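Trainee: Start from the sequences, fold in the hints, and give me the full structure.
Quick mapping for you: the protein sequence lines, in order, are chains A and H. Read left to right, the first sequence gives residues 193 to 336 (the working numbering). Read left to right, the second sequence gives residues 531 to 1014 (the working numbering).
Don't take each hint at face value.
[What the hints assert, rightly or not] One-sided and incomplete, this derived list gives chain A residues near chain H with beta-carbon spacing under 10 angstroms: (1) Ile238; (2) His277; (3) Asp321.
[Unchecked claim] Result set (BS3-like, lysine-lysine): computed pairs, CA atoms no more than 25 angstroms apart in a straight line: (4) A:Lys269 <-> H:Lys534; (5) H:Lys1013 <-> H:Lys979; (6) H:Lys751 <-> A:Lys288; (7) H:Lys997 <-> H:Lys979; (8) H:Lys842 <-> H:Lys864; (9) H:Lys872 <-> H:Lys751.
Don't read these hints as lab results, they were simulated from the structure. Since this is a predicted model, take the numbers as computed values, not measurements. Where a beta carbon is used, it is the ideal one built from N, C-alpha and C, also for glycine.
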Amino acid sequence: MITLNQEQLNEIRAHGERDYPFECCGLLIGRFENGGQKTVVEAYPISNAREEEAKRNRFLIQPEELMRGEAFARQHKLDVVGFYHSHPDSPAVPSKYDLEHAWPTYSYIIVSTGSTGSGDLFSWEMEEDRSRFNSEEIRITDSI
Amino acid sequence: MAVKISIPAPLRQFAAGQSEIEVEAKTAGEALDLLTSSHAGLRRHLFNDQNVLRNFVNIYLNDEDIRHASGPSTPLKDGDTIMIVPAIAGGAVTEAEIGQALPELSNEEIMRYSRHLIMPEVGMQGQRRLKAASVLMIGTGGLGAPVGMYLAAAGVGRIGIVDFDVVEESNLQRQIIHGTKDLGRRKIESARDRLRDINPHIEIETHESRLSSHNAMRLFKNYDIVVDGTDNFPTRYLVNDACVLSGKPNVYGSIFRFEGQSSVFWAERGACYRCLYPEPPPPGLVPSCAEGGVLGVLPGIVGAIQANETIKIILGADDILVNRLLLFDAWGMKFREFKLRKDANCPVCGENPTVTELIDYEEFCGMAAHQAPVEDTTLEEITASDLNARRLRGDQIQIIDVREPHEFEIARLPGTRLIPLGHVVARMNEIDPEVETVVHCKGGVRSAKAIEALKRAGFTGRLINLKGGITAWSDEVDPGVAKY
Chain A
193 MITLNQEQLN EIRAHGERDY PFECCGLLIG RFENGGQKTV VEAYPISNAR EEEAKRNRFL
253 IQPEELMRGE AFARQHKLDV VGFYHSHPDS PAVPSKYDLE HAWPTYSYII VSTGSTGSGD
313 LFSWEMEEDR SRFNSEEIRI TDSI
Chain H
531 MAVKISIPAP LRQFAAGQSE IEVEAKTAGE ALDLLTSSHA GLRRHLFNDQ NVLRNFVNIY
591 LNDEDIRHAS GPSTPLKDGD TIMIVPAIAG GAVTEAEIGQ ALPELSNEEI MRYSRHLIMP
651 EVGMQGQRRL KAASVLMIGT GGLGAPVGMY LAAAGVGRIG IVDFDVVEES NLQRQIIHGT
711 KDLGRRKIES ARDRLRDINP HIEIETHESR LSSHNAMRLF KNYDIVVDGT DNFPTRYLVN
771 DACVLSGKPN VYGSIFRFEG QSSVFWAERG ACYRCLYPEP PPPGLVPSCA EGGVLGVLPG
831 IVGAIQANET IKIILGADDI LVNRLLLFDA WGMKFREFKL RKDANCPVCG ENPTVTELID
891 YEEFCGMAAH QAPVEDTTLE EITASDLNAR RLRGDQIQII DVREPHEFEI ARLPGTRLIP
951 LGHVVARMNE IDPEVETVVH CKGGVRSAKA IEALKRAGFT GRLINLKGGI TAWSDEVDPG
1011 VAKY
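Mentor: Written out as structure tokens, the structure reads:
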């Protein structure tokens, strides 16, 4: 289960809508709690509609960017607990490609975006044996 | 060397909860091997089935990516720190760019492809790429036969075939995808059945149509690679241009008599067919295989080369026939190779292309490609039945056969004189200008050329072309005359 507040969810949706028709992405910075639970303290946007180049780039978040994000998290005694990205004009469901490029424990939040705004928003967690993604419950709090 | 490996938070559960693990190793690769042998659960998240580091997993040695150093053999010093950092993959749009994830192989397929799987150049990954791939074959003739059969056998997941012809007896000398039992059947059906028999695990899509400027882009869009097995210039230019415009590799092959050519025309990476041949040859200059003949095994060899290159493209091999024209001489048994270069002024793939959509290729090649005898308003013609009627009536007509002596051996019309096309002008004095002359060949093309040459050379007598040649005679007048 991953816990976010309404404001963070709104930010993720707004980022996706802003970058449509391109993909947006960002880091979820927070805490790993006991029992595999995660709490997001900040949604940290990374991409800003990188246009043509980004479309050919298989990776939305480069390792250097992730390292910067982790350094930022460490300063605040936090961790990167997952990532979010948008699927323009596609369902908020991970692809097989996503499966080959993921690690367990992290949360992967996907928001579907279209010309009229954002749609479904789901969180996914990879099975430990890498066989599939499982839908992860999102708990929404008013504030943290 | 004693080094520290910091374990990223999501993977700590596979490392007994530790955030840092110390190992003694000489290289980065050895350090990772030690780490994953003591914590086996980590391994599959770092390495793929082929034991290669997953492509989104990056290893940093003191803040430098080891890919920029010596990779896994990057040496370590005491006190170094190794970090494992993932890159985060995108979703929908990127997926469309790079294609779907690779399909799995069933146990039956693993058994079937075992000779591929045990070679590292193919392996499971490569075989799954073959299964994920789609190839469109233009034509199921001499070249298309081995191309289709080998691609099907190799496990190319989806094969499209375009043809509009029916199987004829004269095809069977080289088009081994069809058999005697298929005579008179539609080629796409015959080919489909043969490919299904070779490999029931693949999809075969049939397109019964003549490839044209109207349907080419729509057809090509649904395939990764196009293999050109055509036998005429308009279609060859059409395939080239449609491949350039849709960004597909065009695996080219052509054959004539004992000589074959092959190349991979892939505008994104090198020359296209128009860089090599900007203009088609004048119509009629280069005879077709129906006119000039072809050694039956030649398309087998050239088509197998095309299948080979197609498979290599799918596997991501480096040394494909891009910017290389391979020439093969079956009679001399020699291969030669020419380097090709992309032409900056190429009208379709150059810097300022003038061809930005498909054109009328028959007009471009100056001919009606699919009408064998060249229509010429000044050319007088007679049908086989009319010629026979006049002959029986006792009209005085001389018949000149402009085919080659070995064709004359196969079949001939009664009462003809053989003067091969190449000699017809030199031996013009053997033709009596006072008598009406009917000129014939196999199908009517060479005889039309002979008439034109004779007229240009000043022959004054009346020259009439036998429409459809000796083939028409066999069809209309005397089935006892062998067709070839």
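Trainee: The structure should be examined with respect to each hint, and the outcome stated for every one.
Mentor: For each hint, the structure was consulted:
Evaluation of the Ile238 (chain A) hint against chain H yields a held restraint, the C-beta minimum of about 8 angstroms falling below 10 angstroms. The criterion of a C-beta within 10 angstroms of any C-beta in chain H is met by His277 (chain A), whose closest approach is roughly 5 angstroms, and the hint holds. Interface restraint check for Asp321 (chain A): the shortest CB-CB distance to chain H comes to about 8 angstroms, inside 10 angstroms, so the restraint holds. The straight-line distance between the Cα atoms of Lys269 (chain A) and Lys534 (chain H) is roughly 21 angstroms, inside the 25 angstroms bound, and the hint therefore holds.
Between Lys1013 (chain H) and Lys979 (chain H) the CA atoms are separated by roughly 21 angstroms; this keeps the pair inside 25 angstroms, and the hint holds. Only pairs whose Cα atoms come within 25 angstroms are accepted, and Lys751 (chain H) paired with Lys288 (chain A) is accepted, the gap being roughly 23 angstroms. The straight-line distance between the Cα atoms of Lys997 (chain H) and Lys979 (chain H) is roughly 13 angstroms, inside the 25 angstroms bound, and the hint therefore holds. Of the pairs offered as hints, the one joining Lys842 (chain H) and Lys864 (chain H) holds, with about 23 angstroms between alpha carbons and a cut-off of 25 angstroms not exceeded.
Taking the CA atoms of Lys872 (chain H) and Lys751 (chain H), the gap is near 24 angstroms; set against the 25 angstroms cutoff, the hint holds.
The structure agrees with every numbered hint stated previously.
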